[in-house]
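Starting from the known structure of chain F, fit chain Z onto it as the hints suggest.
There are 2 protein chains.
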Amino acid sequence: MTYSELRNQIFQKQSYLCVGLDTDVRKLPRHLLSEPDPVFAFNRAIIDVTADLVVAYKPNIAFYEAQGPRGWESLQKTLAYIPKNCFTIADAKRGDIGNTSGLYARTFFDPEAAGLDFDSVTVAPYMGHDSVMPFLEYSGKWVILLALTSNPGSADFQRQAVNEQELFEIVLETAQNWVGPDSHERLMFVVGATQAAELSRVRELAPKNFLLVPGVGAQGGSLADVSRNGLTSDGGLLVNASRSILYASSGTDFAERARAEAQAMQQEMAIQLSVIS
Amino acid sequence: MTYSELRNQIFQKQSYLCVGLDTDVRKLPRHLLSEPDPVFAFNRAIIDVTADLVVAYKPNIAFYEAQGPRGWESLQKTLAYIPKNCFTIADAKRGDIGNTSGLYARTFFDPEAAGLDFDSVTVAPYMGHDSVMPFLEYSGKWVILLALTSNPGSADFQRQAVNEQELFEIVLETAQNWVGPDSHERLMFVVGATQAAELSRVRELAPKNFLLVPGVGAQGGSLADVSRNGLTSDGGLLVNASRSILYASSGTDFAERARAEAQAMQQEMAIQLSVIS
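Top to bottom, those sequences are chains F and Z.
1 is the number of the first residue of the first sequence in this note's numbering; add one for each residue after it.
1 is the number of the first residue of the second sequence in this note's numbering; add one for each residue after it.
Bound conformation, chain F alone (with noise of 0.2 Å):
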């Protein structure tokens, strides 16, 4: 998906959600576990009810991963099943050395090698340009770097400073000077909504890249702040959510109850949306 089809599919959903399919095995509710394929049938059925409120999809590899040779199954089938509108993300946070990288680039990207066919996957920085860059050699598919990240150790080393910035500033600037220009039509850029202090300062570094923003709910983050400091006029986010969204009910009432948790921070996009156009 381009940069201008997300942005139209933002305009014309009134939405910038992103569902995190971060599908627990262990929390499913029970009525789902006589499945052949549990995982896939929870998601599926997420699916259904919010395709027409979100634009994005995030299942965050590791939930398949643990699973083993099953899981990725059920990844390949999750994946088969969103629709086309809809932006996906391998969320992996994967990068080894450059023909490594490579690799991880064909098992997300090459539907040939694990029969997989994201939109873009997320990649850690630390090991620099060479394990980021195999990515963007696959037309058309995008990165999303992680720069400032939700949880408690993002303090640790992307808060350090260097020179007068912070590391994760060092991480904005540099990474688009690797892809050029118009970074922003392959590069996005991880932020957490638990940071919303410095979503400003991201902002000014990195002025249309797109902001994959999770920690919205769960992790405590405020979606009015997220909002009012990264959105740009293409719209320039997309937030996610994952567990508010999955595990509103544990019951046999879940896909409802996801729908309504997912229509209720539609609706308050949509309001964002109308502040900014």
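The hints are simulated quantities; they were obtained by calculation from the structure and are not laboratory data.
Hints are supplied without guarantee of correctness; some may be wrong.
Since the list gives no way to pick out one identical chain from another, each pair is judged satisfied if it fits inside one copy or across any two copies.
[Claimed, not checked] Using 20 Å as the maximum straight-line C-alpha spacing, the simulated EDC-like pairs for lysine to aspartate or glutamate come out as follows:
1) Lys-84 - Asp-48
2) Lys-141 - Asp-182
3) Lys-27 - Asp-110
4) Lys-27 - Glu-112
Positioned in the frame of chain F, the structure of chain Z alone reads:
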């Protein structure tokens, strides 16, 4: 495997060689392609001819993931085939927020989850303590944290000046503090052989921790330099070679040529060990 068991293996085998099982299905000797699982058939042959010469095996997970579910099956079989007196490393470079890192830990450490029971996993430090510590909740398991990697991109962030140090030095010090005074019993660091000039600084900052050293051979690092700057009285090094051993020949003699390469490295290691003891 404990620190002292690993130390004993090193002195018994007179080797601190780790073979990187970076098995690329596109580089396999042709005669193996008719096997039911060519990747496993190749790994089994490599293990058969090197197990008496090496102390560790390190499959890079990207090579298996890029094969989809059947790649994970090859990985399961490979890990089960490695003799119990060899240390095993899942070279995965994972790292995520706490609860998700916990799932990656389950993947590689809990055989009930994904059928894998590695001794250790490589972890990326960018997300800080709560991305690393969940791996150490598994009794007897190790974290091998990226510090100063062997690739060109290591200069981008790892060598940024932070206070009067470089970022990788902050990582080395901070991570030892997370684990405590006996950190060397659970925590190793990745330091590339291409960074020989920095290896003695690394050793000053982490005097007892094992260092996993990739980059000897195909990437150009020198075994003699690495050994002189990195060996401790307990060994303290795992020097990895992948391509130079795996692909020493692409013909039917690949296994005997792999053994010859491994043996040459082991013999040099025996000499280096005699210097320190």
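- Query: Going back to the hint list, which numbers does this structure go against?
  - Reply: Violated hints: none; all satisfied.
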